[in-house]
Amino acid sequence: MYAGHAALALVAKSKRPTIALALLIPVAFAPDWLKVIVAFLGHPNRQLTHSLVSVGLGATLVALAYYASTRSSTDAAVLWLTYASHWPADYVTGIKPTWPGGPDVGLLMYGVQYADVTIESALVVVCWLIYRRSLPPESRRRAINYLIPMGLIGLQILFDALNQYPQLVD
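Residue numbers (numbering that gives the first Met the number 0): 0 to 169.
Be aware that a few hints might be false.
Claimed, not checked - Ranges of calculated distance between the beta carbons of each label pair, as one might list FRET restraints:
(1) G153 - V35: 40 to 46 Å
(2) R141 - Q112: 31 to 37 Å
(3) I143 - V104: 36 to 42 Å
Just so you know, the hints here were simulated from the structure itself, not pulled from any lab data.
Virtual Cβ for every residue (Gly too), placed ideally from N, Cα, C.
Taking the hints into account, I'd like the entire structure generated from these sequences.
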């Protein structure tokens, strides 16, 4: 899942406009960014970043930190859900660890490029429509708002192309 994580952050923003999108998007991608950091530190282990245990722990830490600074339990819960949404979203497109010693599970849509792009594009459009409904009526019609789903879908197509042809990024 790539564009889908950002799309899910848009839904969270539509439900809790008090939370900055600049916070929701990194939270939605946090396990992926932690994976890069952990690999850079010499410990490339998906259990540390993408297992149900690590995602639950990361979501809890983010929510507690946000609650400590804002005292908004509802916003903290939305941040928790945004972080936690990473695992089920990745389940659709990849194979992810469950818990230490547990099975790796997932639908592995990355192996079927057209299916992956179709699923993620549909998710982007649905999430964008939910987000768009949260905007003031005069803002909904602005052409710039249509750049959001087009940009996310374009990035997803690029991501899938790079995964299909890894020699492009070597």
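Out of the numbered hints, which ones does the structure contradict? 1
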